[in-house]
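Residue numbers (the working numbering), protein chains in the order written: chain A, 1 to 288; chain B, 1001 to 1218.
No wet-lab data here; the hints were simulated from the structure. Positions of the beta carbon are idealized from the N, C-alpha and C atoms, including for glycine. One should not assume that every hint holds.
A few chain A residues that face chain B, going by a derived Cβ cut-off under 8 Å, partial list only [what the hints assert, rightly or not]:
hint, residue
1, Ser20
2, Pro21
3, Gly30
4, Met135
The chain contents come next:
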Amino acid sequence: MKWKLVRRCVQVAVILLILSPALGFGIFSGTLISGELFGVELTDVLAALDYTLAAKTLTAGMLIGAAVVLVFYFFVGGRVFCGWVCPVHLFSEMARTFNKRFGFVSLRPPRWQKYAVLAVVLVLSFVASVPVFEMVSPIGAVTRAMATGLRIDRGDGSTVVADVAGGVGESDLTVTLVLNGTLVLLMFILLMDAFVKKAWWCEYTCPVGALYSIVGRKSPVGVRIDHDACTDCGDCFGVCPVPHVLTPAVKGEVGWVQKGDCSNCLNCVDACDEKALALRFWSRARRL
Amino acid sequence: MDRRDFLKKGIAVVVVGGTAGGGITRLLSGTNATVVRPPGAGEENDFLAKCIRCAKCVQACPYDSIKTAGLGDGASMGTPFLELREIPCYMCEDLPCVGVCPTDALDPTLTDAAKMLLGTAVIVDREACLSLNGIRCEICYRVCPLIDKAIVIEKHAHQITGRHTVFEPVVQKEVCTGCGICENACPLDDTAIAVVPTQRGDKAAHYDYLRKQERVEL
Ligand code: SF4
Ligand code: SF4
Ligand code: SF4
Ligand code: SF4
Ligand code: SF4
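Bound conformation, chain A alone (with noise of 0.2 Å):
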């Protein structure tokens, strides 16, 4: 349990973080598709790679975002921007909860899935010349809601986006939902985590999950098996969104959870009874 309620404090202050101009301590200002953190740009790798294709140009400023981004994912592991960071796979975790009961239909995505969407969406940016996965990103669309849609009612009909302190208290505080198309992708796939199959964007569909992925394979942070002390009980493989990076590692095959898929999300450490998983650095990481 202690990992995962500093996961979710973690992933709540994102949220907060998006909303900070219109609640009046703007340090972080735009979406997960880009924005500035104390005045730093960050892009999202996907966000420029689509945006490279498409416009066929390269952006110094945007590049440089990207790469502080990748480099940051690459060491503390890819996915944990799905595990830790994106709203999307918070609302989903919480969507997924209900599939043990409701999940009425059954559907297994193959594992390349994703790969294969990230595929079409680079192809697709290329040769529509947009940025596509941009246009229909949930992600891009809940941020945007959140960065843009908390407005100050001016008591005149008229809205402003509240990003002063100094104006919420005289005014009431109304929560505009801009429901757009890309809203209702996520709609869509909250219906899919808890109806059909689990995780089914995030881990089988989402071409940033898929990007992240490749991003955090050689990354030196991860979940590190002590066999000894495993007694092969399987606890983890019930709260791993994605169980096939375990197996490996309890069979007793290689002292790492497999890197790439795992978000870090560390609900197999907080699982696991016997403390045979815990996070570990490359470097403090015993010889098998």
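Please arrange chain B with the ligands on chain A, whose structure you already have, making use of the hints.
Chain B with the ligands alone, transformed into the frame defined by chain A:
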């Protein structure tokens, strides 16, 4: 699955997905859109290629002028656009919208709001315009931030009464920035002056001699 099989499947997926996705992309990208884009946006297809739908410009606009396009807005999903009749662009001196754009979708070389080109104001309803009816309205002229440059008043005799003067607002296309402040201010229920977006499709561009001319330096 062996490597060959994987490759075959991969190619099939890319081809099938690409074709299906291509259709959907065209559908969603709405390249024929005639919406007003934020300052600094270039030709529509170029803008659509460059804008990553990050909403930074939407957030940066102090007047809440810029909105994000949803499904029913007739513009590519997630892109920023303005509805000038509701909230015009107030031509901020420092153009914060352009400044925050991480891509070149909003041209960073645009530093002077008077040089932006969202569209061009046009008297769209000459029957309804109060001034053209001989009434002293001229609100659009008064509110124009480029008064006497972007809109001028041309006086001529009232054709019906024969003894009054009509104060006709006339937009100077070479100067008007398309900010929409006039459109926003027109007191009629349905505005008589409206900004026609820069993007008007191929046919219009073909006949658009004026836009090819040099813009007037202020
Ligand atoms: S292996 Fe552990 S840390 Fe990795 S995704 Fe599964 S539960 Fe999370
Ligand atoms: S110039 Fe100012 S008012 Fe106009 S769109 Fe940009 S930020 Fe908004
Ligand atoms: S800031 Fe630039 S890239 Fe972002 S939504 Fe606006 S125009 Fe598009
Ligand atoms: S749009 Fe109207 S107010 Fe703005 S510059 Fe043109 S004429 Fe003036
Ligand atoms: S504000 Fe409207 S009615 Fe008045 S002069 Fe201008 S266009 Fe005509």
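Which hint numbers doesn't this structure obey? 1
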